[in-house]
Amino acid sequence: QVQLQESGPGLVKPSQTLSLTCTVSGGSISSGGYYWSWIRQHPGKGLEWIGYIYYSGSTYYNPSLKSRVTISGDTSKNQFSLKLSSVTAADTAVYYCASVDYGDYDFDYWGQGTLVTVSS
Amino acid sequence: EIVLTQSPDFQSVTPKEKVTITCRASQSIGSSLHWYQQKPDQSPKLLIKYASQSFSGVPSRFSGSGSGTDFTLTINSLEAEDAATYYCHQSSTLPYTFGQGTKLEIK
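Heads up: the sequence lines are chains E and V, in that order. Sequential numbering from 3 applies to the first sequence in this note's numbering. Sequential numbering from 0 applies to the second sequence in this note's numbering.
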């Protein structure tokens, strides 16, 4: 079973870049079978899909965030990362990484989530 | 993008009751609809994939149905541990989108 763990700063200043890493175990980001995805949840609100990366390195981003988002992978560490630039208070949220089954396209496994607060 | 609308937003129910949550898509998505359960301070967990297929380890009291634009999550004989917010998600068309959530309170 795939397990995912987010890590990164819990506090980011406005206009700076939010950077998070997801460490994957029980599966390899360099093999097919999964897309590797980021999702966020504003406090007390619903879920917003940010984007994903495939083992080939191809990515797809939510158009609502596309101009500010980069998702990349580090196969040597079996990690993938999220960078969100020019953050504002509206980017304060719990950020989850999740695996997307290549055949079913559902989010079958999730990390526990990490709260990122944007504040000076 | 495809908009998913869940109803109701909130429901207060008693144990052993049967619960039905609906999810309506703004356009046809075939069976590309999945359901998740999120308990307080936890990450979401996959319950049902492709409208009606139970994910591994999910109790049999959870079931799903529907296709096209209208989908249903049913919980038979509700248990206290089912208190949570439930979300639908479509994977028919990028960007992936979620419903706004349905919060179940156990009386």
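Watch out, some of these pointers could steer you wrong.
Here are the computed lysine-lysine pairs in the DSSO-like style, where the Cα-Cα straight-line distance is at most 27 angstroms [to be verified]:
#1 V:K38 with V:K17
#2 V:K106 with V:K15
#3 V:K102 with E:K47
#4 V:K102 with V:K15
#5 V:K17 with E:K47
#6 E:K79 with E:K68
#7 V:K17 with V:K102
#8 E:K79 with E:K47
#9 V:K44 with V:K17
#10 V:K15 with V:K44
#11 E:K85 with V:K44
#12 V:K38 with V:K106
#13 E:K79 with V:K44
#14 E:K79 with V:K17
#15 V:K17 with V:K106
#16 V:K44 with V:K106
#17 E:K85 with E:K68
#18 E:K85 with E:K47
#19 E:K47 with V:K44
#20 V:K15 with V:K38
#21 V:K106 with E:K47
If you are wondering where the hints come from, they were derived from the structure by calculation, not from laboratory data. Nothing here was measured: the structure is a model prediction, and the numbers come from that model.
27 angstroms Cα cutoff - pair K85 (chain E), K44 (chain V): At roughly 25 angstroms apart (the allowed maximum being 27 angstroms), K44 (chain V) and K85 (chain E) satisfy the hint.
27 angstroms Cα cutoff - pair K102 (chain V), K47 (chain E): holds (11 angstroms)
Straight-line alpha-carbon gap K44 (chain V) to K17 (chain V), limit 27 angstroms: holds (21 angstroms)
Holds or violated: K85 (chain E) to K68 (chain E), with C-alpha atoms at most 27 angstroms apart: holds (11 angstroms)
27 angstroms Cα cutoff - pair K15 (chain V), K44 (chain V): holds (22 angstroms)
Restraint check for K79 (chain E) with K47 (chain E), where alpha carbons must lie at most 27 angstroms apart: With a Cα-Cα distance of about 32 angstroms, the restraint between K79 (chain E) and K47 (chain E) is violated, given a limit of 27 angstroms.
Given hint K102 (chain V) paired with K17 (chain V) - CA-CA distance at most 27 angstroms: Distance ~15 angstroms between K17 (chain V) and K102 (chain V) Cα, so the pair holds.
Pair hint K79 (chain E) and K68 (chain E), alpha-carbon separation not exceeding 27 angstroms: holds (25 angstroms)
Given pair status - K44 (chain V), K79 (chain E), alpha carbons within 27 angstroms: holds (26 angstroms)
Hinted pair K15 (chain V) and K38 (chain V), Cα distance within 27 angstroms: holds (19 angstroms)
Agreement of K38 (chain V) and K106 (chain V) with the hint, judged by alpha carbon distance not exceeding 27 angstroms: holds (16 angstroms)
Agreement of K85 (chain E) and K47 (chain E) with the hint, judged by alpha carbon distance not exceeding 27 angstroms: Given pair K85 (chain E), K47 (chain E) holds - Cα atoms ~22 angstroms apart, limit 27 angstroms.
Going through the hint list in order, the structure does not satisfy hints 8 and 14.
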